[in-house]
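Asker: Assemble the whole structure, with the sequences as input and the hints as a guide.
Each protein sequence line maps, in turn, to chains F and B.
Everything in the first sequence is counted per my numbering, starting at 1 for the first residue and increasing by one.
Everything in the second sequence is counted per my numbering, starting at 1 for the first residue and increasing by one.
Keep in mind that the hints are not guaranteed to be accurate.
Stated by the list, open to error - Stretch by stretch, here's where chain F covers chain B in the computed footprint (C-beta under 8 Å, at least three residues):
id, region
1, 34–45
2, 96–108
Stated by the list, open to error - Below, a list of computed lysine-lysine pairs in the BS3-like style, where the Cα atoms sit at most 25 Å apart:
id, chain 1, residue 1, chain 2, residue 2
3, F, Lys180, F, Lys214
4, F, Lys214, F, Lys109
5, F, Lys104, F, Lys54
6, F, Lys74, B, Lys180
7, F, Lys7, F, Lys26
8, B, Lys77, B, Lys54
9, F, Lys180, B, Lys74
10, B, Lys56, B, Lys77
11, B, Lys7, F, Lys7
What the hints assert, rightly or not - Anything over 12 Å on all C-beta distances counts as not near chain F; from chain B, calculated:
id, residue
12, Ile16
13, Cys52
14, Gly79
Keep in mind the hints are simulated off the structure, nothing from the lab.
For each residue, glycine too, the CB sits at the ideal point set by N, CA and C.
Protein chains: 2
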Amino acid sequence: MKVEILKNITSANDAIAAQNQQVLDKHNILALNIMASPGAGKTSLILQTINCLKGKLNISVIEGDVASRIDADKIDKEGIPVVQINVGSACSLEAQMITPALDKLPLDKVNLLFIENVGNLICPAEFALGEHRKVVISSIPEGDDKPAKYPLMFTLADVVIINKIDLLPHLEFDLHNFTKTVKGINPKVKIFQVSCNTGQGIDEWCSWISSQIKK
Amino acid sequence: MKVEILKNITSANDAIAAQNQQVLDKHNILALNIMASPGAGKTSLILQTINCLKGKLNISVIEGDVASRIDADKIDKEGIPVVQINVGSACSLEAQMITPALDKLPLDKVNLLFIENVGNLICPAEFALGEHRKVVISSIPEGDDKPAKYPLMFTLADVVIINKIDLLPHLEFDLHNFTKTVKGINPKVKIFQVSCNTGQGIDEWCSWISSQIKK
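Answerer: Below is the structure:
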């Protein structure tokens, strides 16, 4: 019965996600669903991307968190339109939460929308939001075994970003093992190595985003 | 309706958790539910604790993961009885998963049971397993804002362990802000600073465990 309920919930979610995507497509907006463990660097990556694409693209952000406005406040400081969603006892953003958030953004003026999901490697994989690409961040201090331990998230990803690459000399992390595991379960995935601290690899990531933007 | 279903699920879970605790009490076993983000150091802490308490206490471990036996294999190498539970699409261990795992352990010979939960700061807070203490690990690379972002987990904790303290000089982490936020929502919580890499603080943590063991 539990499985049946879950199936009904995700079907209903998928229908709303498809509607959200229609709204985004109508406005020629590329939406990226950013997913990761707590503290892997989701907000830091968005801030670095804003920094490198400001003036070239019009960016907006939807921030998902269990509680607090900490992340939204950081985006707001950059002068970027942002909507904070607090999910309370839920463990992921869901498509129905995105619909009213879209209404609060200046969609006519947006090219690129970041949807920062709740910090969690499990639940967010199960809920489509209407995004065009799923981006998973994994950071060096988390260890190289995460793709084997949370396979669904890494199987569904269009892009995997390895963040905090500047910490590689200080920590045990087998980059070859990580990449091999990810490519084994998801051969088509694109992988970027970045440091949101030093800026390493951010230009390449921003070039990729620019190549995906709808004309 | 969703809330009602959740309430029914957690009540049923709590009843089974109480039964698990009775089994543990009958055998004079102290059970610790270890919870954290992916990669915060749950298995590393258990391995360090095994290292410092081996010969003094009889330890067993239940390992919870979405997939893989990576963590159980590490424990098994130490000659410690271990049961791996793979939760599949669930985002937490639940009490009903612990009951059959207890049957597989040599309970008559155990003083201390670690239950390593799934890597997640949200769902595991909602499911009692039968444990006597809830231990939450937060690591320096995750940032000092996690207690504000995941308040339920830090409110319910009996112990908060700040791991990877050796990385403090290399990363931005406001220890005072972290501690103040945790104590603000949970004044009675006990906080340890450790590094499972260098061994710093592990003795103090092991002394605390010894003080909690049932005679």
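Asker: Take the hints in turn and mark each one as holding or not.
Answerer: Taking the hints in turn, this is what the structure says about them:
1. Chain F is given as covering the region 34–45 of chain B, and this holds because 3 residues of the stretch bring a CB closer than 8 Å to a CB of that chain, at least three being needed.
2. Counting residues of the region 96–108 of chain B whose beta carbon lies closer than 8 Å to any beta carbon of chain F gives 0, which falls short of the minimum of three for the stated coverage.
3. Taking the CA atoms of F:Lys180 and F:Lys214, the gap is about 31 Å. The hint is violated against a cut of 25 Å.
4. Between F:Lys214 and F:Lys109 the alpha-carbon distance is near 13 Å, which keeps this suggested pair within the 25 Å criterion.
5. As the CA atoms of F:Lys104 and F:Lys54 are separated by approximately 21 Å, the hinted pair is consistent with the 25 Å bound.
6. Our distance criterion of 25 Å between C-alpha atoms is met by F:Lys74 and B:Lys180, whose separation comes to about 21 Å.
7. For the given pair, F:Lys7 sits about 29 Å from F:Lys26 by alpha-carbon distance, which is inconsistent with the 25 Å threshold.
8. Distance hint between B:Lys77 and B:Lys54 is fulfilled; the C-alpha atoms sit about 14 Å from each other, no more than 25 Å.
9. For the proposed pair F:Lys180 and B:Lys74, the alpha carbon gap of about 21 Å is at most 25 Å, so the pair holds.
10. The hinted pair formed by B:Lys56 and B:Lys77 meets the criterion: a straight-line CA distance of about 19 Å does not exceed 25 Å.
11. Note on B:Lys7 and F:Lys7: the hinted pairing holds, with a Cα-Cα distance of about 19 Å set against a maximum of 25 Å.
12. No Cβ of chain F approaches the Cβ of B:Ile16 within 12 Å, the least distance being about 15 Å, so the stated non-interface status holds.
13. The non-interface label for B:Cys52 is consistent with chain F: the shortest C-beta to C-beta separation is roughly 21 Å, beyond 12 Å.
14. The Cβ of B:Gly79 lies farther than 12 Å from every Cβ of chain F, with a closest approach of about 22 Å, so its non-interface assignment holds.
Consistency note: the structure conflicts with the earlier hints numbered 2, 3 and 7.
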